[in-house]
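*Asks:* Please work from the sequences and hints to get the whole structure.
One-letter residues, chain by chain:
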Amino acid sequence: MPGKGNIHPVVVPKWGMAMERGLLSAWHVDEGAPLSVGDELVDIETEKIANSVEATHSGILRRRIGTVGEAYPCGALIGVIAEATVAEEEITAFVAEHAATSRPVSVEASGPTPQMIDVNGHSLRYLTQGAGGVPVLLIHGLAGDLNNWLFVQPALSGRRVCYAVDLPGHGGSSKDLSGIHNLVDVGDLLLAFLDRLALDRVHLVAHSMGAAVALDLARRRGHRLASLTLLSPAGLGVSSNSEFIAGLMAAGNRREMAAVLKMLLADEVQVSRDLVNDMLKYKRLDGAEAALRKFCEFLSQENRSTAQALAGVATPVQVIWGAQDRILRPLTAAELPSNVRLTVLESTGHMPHLEKSSRVVEAIENWGPSG
Amino acid sequence: MAIKSYRQALNEALRHEMRRDPMVILAGVDIGDGYTSAAADAPGDAEGGGVLGVTAGLIQEFGVARVIETPISESAMIGMCVGAACTGLRPVADLMFADFLGVCFDQIFNQAAKLRYMFGGKAKVPLVIRAMVGAGQNAAAQHSQMLHSLFTHIPGLKVVLPSSPYDAKGLLITAIRDDDPVIFLEHKVLYDVQEEVPDESYRVPFGEANIVTDGDDVTVVAFSMMVRTALAASKVLEKEGIGVELIDPRTTSPLDEDGILESVAKTGRVVIVDEGNPRCGVGADVAALIASRAFHSLKAPIGLVTAPHTPVPFSPPLEKAYLPSAERVADAVRRVMSSNAR
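Protein sequences appear in the order of chains A and B. No gaps in the numbering here: position 207 of the first sequence is 207 in our numbering, and each next residue is one more. Offset between the second sequence (1-based) and our numbering: plus 1000.
Keep in mind that the hints are not guaranteed to be accurate.
[Claimed, not checked] Straight line, CA to CA, 27 Å or less: simulated DSS-like cross-link-like pairs of lysine-lysine: (1) A/K283 x A/K294; (2) B/K1320 x B/K1239; (3) A/K283 x A/K262; (4) A/K262 x B/K1320; (5) A/K281 x B/K1266; (6) A/K294 x A/K262; (7) B/K1235 x B/K1299; (8) A/K281 x B/K1188; (9) B/K1235 x A/K281; (10) B/K1320 x B/K1266; (11) B/K1239 x B/K1266; (12) B/K1239 x B/K1299.
[To be verified] Listed next, with one range per pair, are the computed distances between beta-carbon atoms: (13) A/A96 x B/S1339: 45 to 51 Å; (14) A/K262 x B/E1238: 22 to 28 Å; (15) B/P1071 x A/N253: 40 to 46 Å; (16) B/A1232 x A/R221: 54 to 60 Å; (17) B/N1340 x A/S36: 49 to 55 Å; (18) A/D118 x B/T1087: 36 to 42 Å.
Worth flagging that the hints you see were computed from the coordinates, not collected in a lab. Ideal Cβ placement from N, Cα and C applies to all residues, glycine included.
*Replies:* Laid out in structure tokens, this is it:
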């Protein structure tokens, strides 16, 4: 829904394809309060996860339309932002007009759909959002998929095209790993993927195990990378929590999986039933467990020190880490070379892109090399 | 991943398993659109595939040797499939209405369910019998029964009741890969229900309940179509401030006893919803499980909502009255909520 001149709507966002409605769980701002861009306005919960909606414009929160405890369809008007100079009647007219014309967003009608592409005999699933600029490529971690970026990808795609890809063996990509024997082979497959999409240079944003793949590309094919943003990275001299990996591999039911996934987030309450079910559903796909076992093996072969991992990397590197990461202990600035930008997020675990998505977006947008 | 119906999900499961394993064969009345070997070269009718279209397109892909049209003689069909399973094939028999299983009880109860036991594990019977259950379509008393409790009573059989497209595909794949005879009961009202179903093959394990909704106030255990009825009730109850933990056991044999007991230990209140007749039914079975193993957790008597002990009526208003409704489920929940045994 577009704004009208200097009146800006606050709407229920659409996070991912399956989202139809969001539950308004809290307002952070009172009616009449002044706002800056990026201020947290309101918390929206879906069946999968909760997140905050931020102010897209500065001004004043002129209307709080959404009620706490109510569920609204994606796209529904829940608030109005405008400067103090805008007349009350105009705001009232805007709300009335919206009430008269708004239609709930249907599942099929909106939201981008992932595509499949065949690369060197592997079928890879990827999702494209936005257009133009130097492209961004998002790479998930072990047992993750492109949906891990559901908060980050829409925000980053406002100014450039942004791709999220499922690594082989993960998400909707084929589970057969023939010809892939280590993370270098995974990196080569990603280069072939970039070639297929005719992408010469990308900003690479990679999480956890994906960061180990990204670092390998930076060492070998740095000219393809405009910048490198690593979230809670593996491959940077910190070894992964072996209890988590063993637990993830062993978990065969909801209870076991919930216990393992709680280690991922700083706020364990955020581990919802659907998050647990989605991970179990992934593991129960034919070939997924075998692929995961192989990736664990690849990961265990990674034993470079921090200095070795960054040796010869000419690409600008930034690292974003959750202070409460229980999977990969956060490095301190003293442990990293001075040319690596480090952002440590408080009250954040191993999934900063889900737990503190706006801070992650901000770190990427406001950093010279990737901004 | 795409939105698929229960019917499409079942079709995909059959297709995936037939591609993966050449030992998987199908047998049933009209499952190959009436083609005989003489007509097998004729262009296929992709709209056909059994009375409900579940096997559409399979005879065209796999041929008459693996998609076997049988005469209307259920006892012969199941007898053939039990024998075929003993030789190492993996037959999936399509029996159409579960009500017709009555003429095959010897083949199922005395042969399929007993051979592995009586031959000390030297024989196995990897057989799946698919059949439609349930009322709601005015199909009258001989085509509307919920007979899952009968089969649950027989050791040696596994009994599966998928309540959603995702579960239907994963449970059917698990059933076909299982080395024991599986009675796979599809509710006829569910065939057009749609949800996201992965394109790939996957398993849903037997004996693991699906927790459909989380809640702290009352556990509702429901089977097959009744999962949807109970879900509708839980939405009404949520507005009244009652949090329902809805549990779909998905298989009645094996039964996820621990999953049910864990939930009852948390809530202390339980309502069991089953479309079957009440006497010697799965509802009574689950109630006995809870009464004997979770008695000290209970804050109220166990609630049980079932059909009455009558045949399924043909008359539409009577059939509607026969089936447990969301209102009846909600009332039963309100009763256990207002009762305070301790």
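*Asks:* Each hint: holds or not?
*Replies:* Tested hints:
At roughly 14 Å between alpha-carbon atoms, A/K283 and A/K294 fall within 27 Å of each other, so this suggested pair holds. Simply put, B/K1320 and B/K1239 have alpha-carbon atoms about 25 Å apart, close enough for the 27 Å limit, and the pair holds. Taken as a hint, the A/K283 and A/K262 pair is honoured in the structure, with Cα atoms around 17 Å apart against an allowance of 27 Å. A distance of roughly 45 Å separates the Cα atoms of A/K262 and B/K1320; the hinted pair therefore is violated under the 27 Å criterion.
Straight-line distance between C-alpha atoms of A/K281 and B/K1266 comes to about 25 Å, which keeps the hinted pair within the 27 Å bound. A hinted pair counts as satisfied when its Cα atoms are at most 27 Å apart, and A/K294 with A/K262 qualifies at roughly 24 Å. For the proposed pair B/K1235 and B/K1299, the alpha carbon gap of about 23 Å is at most 27 Å, so the pair holds. Restraint check for A/K281 and B/K1188: the C-alpha separation of about 25 Å stays at or below 27 Å, so the hint holds.
Distance restraint check for B/K1235 and A/K281: the Cα-Cα separation of roughly 25 Å lies within the 27 Å cut-off, and the hinted pair is therefore satisfied. For the hint pairing B/K1320 with B/K1266, the CA-to-CA distance comes to about 34 Å; that exceeds 27 Å, so the pair is violated. Using a Cα cut-off of 27 Å, the hinted pair B/K1239 and B/K1266 holds, with the two alpha carbons roughly 21 Å apart. Our distance criterion of 27 Å between C-alpha atoms is met by B/K1239 and B/K1299, whose separation comes to about 22 Å.
Checking the proposed 45 to 51 Å range against A/A96 and B/S1339 shows it holds: the Cβ atoms sit about 49 Å from each other. Roughly 26 Å separates the CB atoms of A/K262 and B/E1238, a value that falls within the hinted 22 to 28 Å. For the pair B/P1071 and A/N253, the beta carbons lie near 44 Å from each other, so the given range of 40 to 46 Å is met. As the Cβ distance of B/A1232 to A/R221 is approximately 55 Å, the hint placing it in 54 to 60 Å holds.
Evaluation of the 49 to 55 Å hint for B/N1340 and A/S36 yields a pass: the beta carbon distance comes to about 53 Å. With their beta carbons about 40 Å apart, A/D118 and B/T1087 fall inside the hinted range of 36 to 42 Å.
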